[in-house]
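There are 2 protein chains.
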Amino acid sequence: PRTVRAPRGAEISCANWLIEAALRMLQNNLDPEVAENPDALVVYGGIGKAARNWACFDAIVQSLKQLKPDETLLIQSGKPVGVFRTHENAPRVLLANSNLVPKWATWEHFSELDRKGLMMYGQMTAGSWIYIGSQGIVQGTYETFVEAGVQHYGGDLSGRWILTAGLGGMGGAQPLAASFAGASSLTIECQQSRIDFRLRSRYVDEQATDLDDALARIQKYTAEKKAVSIALLGNAAEVLPELVRRGVKPDLVTDQTSAHDLVNGYLPAGWSVAQWKAAAADPAQHAALRAAAAQGCAVHVQAMLDFQAMGVPTVDYGNNIRQVALDAGVKNAFAFPGFVPAYVRPLFCRGKGPFRWVALSGDPEDIRKTDAKMKELFPQDAHLHRWLDMAGERIAFQGLPARICWIGLGERHRAGLAFNEMVKSGELKAPIVIGRDHLDSGSVASPNRETEAMQDGSDAVSDWPLLNALLNTAGGATWVSLHHGGGVGMGYSQHSGVVIVCDGTDEAAQRIERVLWNDPATGVMRHADAGYESAVACAQEQGLNLPMITKA
Amino acid sequence: PRTVRAPRGAEISCANWLIEAALRMLQNNLDPEVAENPDALVVYGGIGKAARNWACFDAIVQSLKQLKPDETLLIQSGKPVGVFRTHENAPRVLLANSNLVPKWATWEHFSELDRKGLMMYGQMTAGSWIYIGSQGIVQGTYETFVEAGVQHYGGDLSGRWILTAGLGGMGGAQPLAASFAGASSLTIECQQSRIDFRLRSRYVDEQATDLDDALARIQKYTAEKKAVSIALLGNAAEVLPELVRRGVKPDLVTDQTSAHDLVNGYLPAGWSVAQWKAAAADPAQHAALRAAAAQGCAVHVQAMLDFQAMGVPTVDYGNNIRQVALDAGVKNAFAFPGFVPAYVRPLFCRGKGPFRWVALSGDPEDIRKTDAKMKELFPQDAHLHRWLDMAGERIAFQGLPARICWIGLGERHRAGLAFNEMVKSGELKAPIVIGRDHLDSGSVASPNRETEAMQDGSDAVSDWPLLNALLNTAGGATWVSLHHGGGVGMGYSQHSGVVIVCDGTDEAAQRIERVLWNDPATGVMRHADAGYESAVACAQEQGLNLPMITKA
Ligand SMILES: NC(=O)c1ccc[n+]([C@@H]2O[C@H](COP(=O)([O-])OP(=O)(O)OC[C@H]3O[C@@H](n4cnc5c(N)ncnc54)[C@H](O)[C@@H]3O)[C@@H](O)[C@H]2O)c1
Ligand SMILES: NC(=O)c1ccc[n+]([C@@H]2O[C@H](COP(=O)([O-])OP(=O)(O)OC[C@H]3O[C@@H](n4cnc5c(N)ncnc54)[C@H](O)[C@@H]3O)[C@@H](O)[C@H]2O)c1
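For the record, the sequence lines run as chains A and B.
Going by the working numbering, 464 is the number at position 464 of the first sequence; the sequence numbering is gapless.
Going by the working numbering, 381 is the number at position 381 of the second sequence; the sequence numbering is gapless.
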């Protein structure tokens, strides 16, 4: 076990900053502050890795240190396989991770290849060297809640409250994101340890003693228009039906229990946590546990449907609870939508997605300056300002200082150019790396998540992310990646990543302008092609040339 | 129904020759001399198309005519979906055809999307705008036979003979390819009409009256060291066992009946052709026909195994006959190899694959000059010379004049640079387009064909063709494509295409040098990574930088 940490400061060990950036970001992905299991090279998301093994890691580092400014390093599932001559406006690294010919695109075949040392699971930003820790989760949830506010409450969530459940790895971001979005929240969680952890890290503000207390607090804070997050120890499958019975009306209902895993993820109604853990640990009890958990989900979803019937906006947060309830007999379980079609797709239609950047100097001051620059660039965007303020105050950096926010087509390249100027002028201590998640507007085909229920039925068409990767390569991004199986697992998704470096040169400015324009533009294009009117309108406003749409 | 034909000559209707080349090659793919069913935009290979529909075709033409020299057109399954700014050293067109997220990568789902107008089957060179007619088939078969000669007979097939069956669309190339390779051949074909067609087009030289006559002719020509091709009307499932009984020993045995299709493709032993056609036309008889055909294949494969036991090199030519025989009870049906692992992979290990070029002038004289240039560039390559001579003499051009030959790493870029010089000097009347099949060294993952039985078990890893496409895009190819399902159908392959234009400029020379070096080099890299020693040796000789191989 060794400790990897990106060097800080202005001294570089590669031929230029573009290459140095790849080196530092690879190292940063494996920083113990960032990676979930750095010894196994696992960054996040199950077994999402940054390099295939330590020998490969060493060889990548070595190759980057020797790479010439007109060469390109190829990475095949975390292994450096070749160095080729391209040119200075081409990417310095090209990566393909976990891609399998469809008939063989299963976990079984992947694992066989993985055991043989021939493959690696890249997840999304793990294998693409642009993971920045849990800030991304808070931000994604925040955007989702903000968009819900825009759709249902005229963009103002003050005095509103969100009802949800689950304070686990992802779900724990919900109360903080709700607060950032300006809403109070009540989160039901069945394990006291999870509540304690979130209270300690200030992701949740208060714990209620019982349901009456919780509702009293909610009433108080919403009346005062304060955004306060409240946790309640309890079972969602019991609490939600009780709230329905009482006629309580939240302003938004969702859920992030781990309903996708009926053995380890969902406490059945009427069971104690101890009983649940014991059953989960004993394979002989799994069938009974699964049945009881599914029954709990059915009751839970029925309560969500009841809220929906009262007129409360209700969404599935990607935990498969609708499918479980349907299988358990709740016929109209899919009457409420998933979060992507409901709240994220409208953003994707305008090329809005998870824009992130990292200060290679390692100095938090550089991020503070870019935060200020973002506010200056987008003075009208109140919820961006709100996010930046709250993130600056409450999000701890992990590894190299970084920031994330969702901005759209026409905005991203402006931010990139402004950062490049700041590097050029010496205002920042070192270059800035800009990247994004693969979960973005034009970069993913994933029929169970990002491309669920596309208007034209094109959910499974993966031409789009491939074109995105090819175009970003053509435009001169610093590194570009093509992955399979991220988020939803082997066989279920294809997606691409992109990273571009602001090294303060004029050449970089040209590349930034192209790439950070084109990348979100492919998302607008993909959604316009699927028939979304807001995407067509965005394409028209921004003057995109989509031969069979904006010229027709 | 309208007729499309590429313009000839030096006058262009696009901003430059790079763009004009894409336009002409798209049109050429749909030329009635080239395409199998131009009215339906079908170029070849079942339903392999060049554009999704006529509206898309028109919009592509329009977009190309308006494209600026620093813009890139994106094609999604035959539809022009966007025009973006890149730069002059980037590709002018990027294409993604028929790609589906793996779980949905079936003919059923594809056809549903196809019916909705959302997709197109691109096959390999159809959707990549670089199909050149049947010359490619003859050449591929020729290379296979030559390589067999190298492996088994010291590179000299004179006085040798090949036993095979099937004179259909693909199989009909066998006798001509055998002659080109310097061997005599005996091809068994059960339909007189097929023999007549091949006699007329001079793909086969003579028809024998019966088996004794056929053997007498073979004896005569092999003794005289003449390469003469002989057809024999008969059923392979009857003739091959008889040859085994007689102890006749060919020098190579293979087969191209359509054993992959047991209803329409294989005449059962003891059946008349009329009886076969009637049964194929009557679904009620299909079960019986299938069983009889499978039985015939079993007998046929048993005879092939018997030849192999006598020491005769024996291969499957990609018609699935081994699988059929195995299913019918021939336990060791897979004792003889497929043609790729046997003969093509050694070529792939050296980056050797189907290099093709087209004269945009439309003047056959330009191809004659490039043929001569190839001989001049590669004076030692006797079988290349032989191919060029025979092709010049016996292959009729279809559409724009074109040539194909298999050359390897270190050769392709030299040919490209030489052609570019010839354009620059005015020796040729217009630019030359260089491309290749997706069936090539570094550009395809297809576990049932090109990547069958890889030494390390990496048959299904498709990172490789994706990296190939990204690198060719980075290098500045003129157009680059990523396809799914070519050759072997939906779910079974992923592959990439590349085309680069020699317009006679110095900038083109730089791109040509990079791309035509890198493209075959990725094939050497992929095979070296899989552990093939000849690929490792080739990488070393050519000075490739493969971080964990050539530096280790
Ligand atoms: N689609 C997406 O983008 C997306 C994003 C984030 C999370 N998710 C999904 O959200 C779910 C949660 O993810 P996670 O990482 O937080 O999981 P986790 O397992 O870490 O946390 C789940 C939490 O729910 C609690 N819980 C279980 N049953 C309960 C019940 N009946 N009542 C109250 N609390 C209960 C558990 O105690 C645990 O704390 C998963 O299903 C995940 O796949 C999807
Ligand atoms: N893997 C590859 O790259 C590759 C390349 C070319 C062809 N193939 C395969 O080769 C096969 C032939 O292709 P095609 O396009 O020529 O098919 P085709 O159907 O046009 O021709 C098959 C020929 O075999 C003859 N035939 C059938 N049964 C016979 C028998 N018992 N004895 C003698 N002749 C018989 C038919 O009369 C016909 O002329 C197919 O299975 C095809 O998939 C594979």
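Be aware that one or more of the hints could be misleading.
Chain copies aren't distinguished; within one or between two, either way the pair holds.
To be verified - Here are the computed lysine-lysine pairs in the DSS-like style, where the Cα-Cα straight-line distance is at most 30 Å:
#1 Lys226 - Lys249
#2 Lys116 - Lys373
#3 Lys331 - Lys116
#4 Lys249 - Lys375
What the hints contain is simulated information worked out from the structure, not anything from laboratory work.
As the structure is a computational prediction, the values presented were derived from the model and not from experiment.
Worksheet entry | 30 Å Cα threshold - placement of Lys116 relative to Lys331 | between (44 Å within a copy, 29 Å between copies)
Fill in: 30 Å Cα threshold - placement of Lys373 relative to Lys116
neither (48 Å within a copy, 46 Å between copies)
Discussion item. If the cut is 30 Å between Cα atoms, do Lys249 and Lys375 qualify within a copy, between copies, both or neither?
Written reply: Neither. Shortest intra-copy (36 Å) and inter-copy (83 Å) distances fail the 30 Å Cα cut-off.
Fill in: Lys226 and Lys249: within-copy, between-copy, both or neither at 30 Å Cα
within (18 Å within a copy, 92 Å between copies)
Of the numbered hints stated above, those contradicted by the structure are hints 2, 4, listed in ascending order.
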